[in-house]
Structures are given as C-alpha cells and as structure tokens.
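Peer 1: Sequence lines, in order, name chains A and B. Quick note on numbering that gives the first Met the number 0: the first sequence kicks off at 0 and runs consecutively. Quick note on numbering that gives the first Met the number 0: the second sequence kicks off at 0 and runs consecutively.
Don't read these hints as lab results, they were simulated from the structure. By construction, the Cβ of each residue, glycine as well, lies at the ideal position given by its N, Cα and C atoms. Among the hints, a few may not be true.
What the hints assert, rightly or not - Partial list, derived from the structure: chain A residues whose beta carbon lies under 8 Å from chain B:
hint, residue
1, E133
2, R136
3, L241
Number of protein chains: 2
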Amino acid sequence: MATVALDVQGGDLAPDVPISAAAHCTTRPGCPRLVLVGDRERIAAGLAGVPHDASLLRVIHAPRFVPMDAEPRATLDAMPDASVLVAARLVRDGEADALVSAGNTGGVVLACARTFKRLPGVSRCALGAVYPTETRRGDKQDPFSLILDAGLTLDVTADDLVGFAVMGAAYAQRISHNPAPRVALLSNGTEPSKGLDAIVAAHARLKDAPGLHFIGNVEGLDIPRGTADVVVTGGFVGNIMLKMLEGVAETVQDLLRYAFDQSLMNKAGLALLAPTLKELKKTTDWQQYGGAPILGFDRVCIKAHGRSSPRAIKNAVKVACRAVDTKLVAAIADGVRALASSSPSPDRVG
Amino acid sequence: MATVALDVQGGDLAPDVPISAAAHCTTRPGCPRLVLVGDRERIAAGLAGVPHDASLLRVIHAPRFVPMDAEPRATLDAMPDASVLVAARLVRDGEADALVSAGNTGGVVLACARTFKRLPGVSRCALGAVYPTETRRGDKQDPFSLILDAGLTLDVTADDLVGFAVMGAAYAQRISHNPAPRVALLSNGTEPSKGLDAIVAAHARLKDAPGLHFIGNVEGLDIPRGTADVVVTGGFVGNIMLKMLEGVAETVQDLLRYAFDQSLMNKAGLALLAPTLKELKKTTDWQQYGGAPILGFDRVCIKAHGRSSPRAIKNAVKVACRAVDTKLVAAIADGVRALASSSPSPDRVG
C-alpha cells in the first residue's frame, strides 16, 4: 500500500479542505496511508469533527507554509521548515511514496527541485495539465488530453520537448488507462518542417522513437478537437493556451448568463437545455481529474489546483497512488534511456 | 478617390467570387476605382451577367496564379507574371494605392516582400488578424481585437514586438475607429518581469512609449475577455492561438448539433434560443471584417480569407481604402520613428 505525503497547508482553502479530504479518503476503500504535513493543532481540530480512520493517518507538525501569492524562492530560502519542503523530504527519505500539494505552484516545484533529483537524461522537468476535448480516449473514455509543459520551462530546446513527449506518454498510459496515447508536437502546421527550430529538431527525433505513438505535429485547431492525447509544447505556449481555454469557458458562461437575463424566451430555452448543460459541465470538470503531475524528478509529485475541493484533493491523492503503483518514475527513466540509445541527441554527441 | 488592385485569381473561390464582388462594389456609393488583375476572358465573362459600373473598372491580364496549396517561393520564382505579383507591381508603381488578395497567404506575403519596401525602423513585417471578444470598443462598438503577428514571423525579438505594437495601434486607430486602442504584450503573467526575454525587453521599451496606450502584459485569460484591443505576440503563438479559437468555435457548433440530435427537449430549447444564437453568430462573424492587414511595408496590402464570400472581399476592399485614406503607412512610419527617437533600441545602439 502506498503512502502519500499531503501538504495540508497548501492551497487557497488550506488547511481545512485538505484535512477534510484526507479524513473522508480514509473512510473509503483503497485509501493509501496518508502523512498529513501541517499545523498539528489545526489537523487535530479538523479531524475531531469528522469520521476518519486514524490507523491510516500520521501527522507531521510543520505549521509554516508558502502563502499562495508569495515569491516562492525567497520564501523557501527563509523557511526551510515550510510544510511543502518537509513533505518533500519525507518522500525523498522513503517515508512516503508521493507528494500531493494544492499550494503555491512555484513553491511546490521549487520544493521538488531542491529535494528530489532530476532523472538521468531528463533535461528539464515539466508540469502536465489536462483539458477537456471533443474526443473520448482510453479504457475509461476519458475526454481529457494532457498538455505539457504547462509553464515550468518557458523556452524549450529539442531535448526538452523530446523528454516531455516521453514523460507525457508514460503518464497518460498509466493515469488515463490509455495503452498507446497519441503524442504530438504543437506547431503552426502539420508538416515536419513547420515550427520553431526546436520543434523541427524534436520532430525528427520523435518520428521513429521506439515505444512512442508519435503522430507528428498538431495545430491549434486540434487542441479542442483532441486529435492528440498528449500535446507537447514549451511552457510559454502551454501556459497561454490553458489560460485561454479557461477564459473561453468563462466567456461562454458570461454569454449564457447574459442570454438568460435578456429575454423570457432565452430563459425557457436554457431551462430546457439545463440537463444537457449540466452533463457537459460534469464531463469537462477538471476537479474529477484532481491534479497536475510534475514530471521528470525521481519522485512522484501531484500539484492539485489551488482552489481544489475535497473531491479534487482526493482525486489528486488517487492519481499519486496510481503513479506509484504503476511505477511511473521507472517508466519515465526507461523511456528516456530507450530514446537516448536509439537516437543520440545531437546536443549531446560530438 | 483611391484605386485598389484586386488579385481576382487569388482564393478558394477565385476568380468568380472576387469578380462578382468587384462588380457589386461598383454599384454601391463610395466604391473606389478597381484594377482587376487576372484572366481577361474570365473577367469579361464574369462581368457580362451582372450589373456593374465599367467606368470604375480597369482590367489587367494576368491569367497565371499561385495555387492555394502551392509552395509560394518556388511558385513565384517560376512565375514572375503571377496575378498577385502583377497586382503588387501596380501598387508599387503608383497605378493603384493598395493590394487586396484572397490568395495563398505565403504567396501574397512574398509578393509584397519582393515588390514593396519594408519601412525604415520596422525590423519585421506582421500579419494582423481579428477575433471576437466579450468587449465592445471604439466608435463602432466593435467586438473584435486585433492580434499580431498571426504567423509571418514565428520567432520574435524585442525589436519585432515593439514594431508590432506600433503598427497594430496605428491600424486599430484607423480601421476600428478606436482613438486610443489598448495595446498589450501576450505573456504568461501580468508582471513586467514575466515572459520570454524578448517580451520582458519589449515591455521595458513600450512602458513609456509616446503616443501608445500600452497597458502592459495580458494573459491567455484576457484573449476572449478582450482586455486589450491590440494583442502583440510572436507569429508562432499568434498562429496557434487563432487556430485554437477557430477550433473552439467548431467544437461549440459540434456540441450544439449533438445536443440538438440528442433529445426533443434540447431541440425545443435550441429553437427558443435561435434568435440569440443567430445574433451572436452575426456579431462574431469575421466576414464582416473582411481582411488581415500585412503591416510594415511601404504600401497597403489586405489579405482576405481564402474562403471569402463576395461580402468579405468587398469589406477587404473597404478596409484597404480606409487604410489609404487615413494614411496608415505614414502613421506607422511616424510611430516607429517617434519610438526610436524616444528610446533607442539596445539592439541597435552601441
């Protein structure tokens, strides 16, 4: 049974939501052992009122934390006992198998970077993120595609992109139950010659990569279509793209609200459509997914959304367990090694 | 009165649609003089059946053209008499004031590059494109924001971005009737320190730029919101972003169709919403806009969409005339000069 270190001080709704998520998790079948890292008294108070299985819980006192709007580097420098760092050290030292935090993204990434090791052959780590598409994929008919990098590495080399492709495929295989995820590079055209230099070079290396279902380049049009299960891009583009999708969802909601207020006919029409709209909202809800993996380190880390509900936190814990159980880290290490031996990187040879 | 050279051989529906658009245009008040560049016989045949004012039309015989799916460089090398090149030369030589073409985008851009001169101080030209937002702006309550570059210059320097900001503002002022368009750099955060190096450097130079309403960085979220009237970015990101918006619109239509087929209740709901959906479609229709400007040359060129309807072609002609009448090229030249003298580019000095 896996053990997950949960940074209960991290997140907009911390520590209450992470604590109640943990408590509820322990009452459900298949819950891993949880190490709750945070303020001991807040944890005790949070657990007092709710049903939980204490035999699955361990508490590590670490009351200080990186605030959501803090500059992570300076904060962590000044705070070696920040909850996220303490939790990461538990994972490094084998007292837990994975780290889950809904805290300040920069803080979580930096805690990983300062505590874990980058896997050999991985030039840069990446943050994966999922977004809903028109397509259903894998054994679970999952509507989500994975995109990476979502913002860790703004400017990328061909090496970075190749690594992201391997890591994303390994993750999608395991977490989305998708045996052969279609991996693509995001570019301004489908031809192998299209794109920034790093993309063209990465394309050439991924083309014949063993064990990877590389489908070539995809374009912006393919993002909502879900042509690829794993979309590989630099962190700058990934960040803009994901935020744009968030913005579009917001705009659609604004338009619906505006239409609702505009006329009685619209009100009636939307009332009739309500079940379908609700269903759509449910299928595209990121909370069912639960977390964004930080990939490339020798340990598992799942970054839950800052505004995570208890359900989202529980799902992040579940994803972390699945990553541990399916040996995600070893698979990434193997994938990167296999690719390096099949097509030596021009950056590294000679 | 302005004269517009219209490449009637360019576009998916050429030459019929450009010819009928031209014919109809001449029957309306305010139509400029038009030079129709294309196959003389096709033009005569196309004009024969429809009302038009022949006194406004001149025909230049140039039957050869760059096919929509051709590689533009090799095609233009082999075809110095291609319609788009002939039309561009008419503009260069002062026989027309602006070029309008719905042809192969690469072909139109290359024809401009081989025929016109880049304005002094403009490091790279840009393709502008408009997309619908939640915001209304300018004297005409225009829902469209302008984004540039839409794909000409994939990888950009700070110099390029600064030039795009000036060109985009000048265009939005004149074409969107927006006296002080809000100009922003697209980045992964609003702080001036966020983004790729070129963006951070461009931000520093645009911050105090005279005559420019620079509002700083915007994020992906701000794209559909319409926070900026002019969004400045590199061609790689611009291309992906615009295609993604196209894809999202497509997905929404697919979802509506799917919902319609799914149940009687949905059918009734959508029927009630039909007037609002129709109105929304109308306000966000790019055809009312008509064309994408190629900015940075010493001549006006408007690239109409390959699938342009007659209305879209007529609107592209109208936009071209307005750019000529409002002295867009001179305004860009002045803007670039003013910026250079106020804050010398670090790339160019020392």
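Peer 1: Please go over all the hints and tell whether each is borne out by the structure.
Peer 2: Quick rundown of the hints versus the structure:
| no. | hint | in the structure |
| --- | --- | --- |
| 1 | E133 | holds, 5 Å |
| 2 | R136 | violated, 16 Å |
| 3 | L241 | holds, 7 Å |
Violation of the numbered hints given earlier is confined to hint 2; every other hint is satisfied by the structure.
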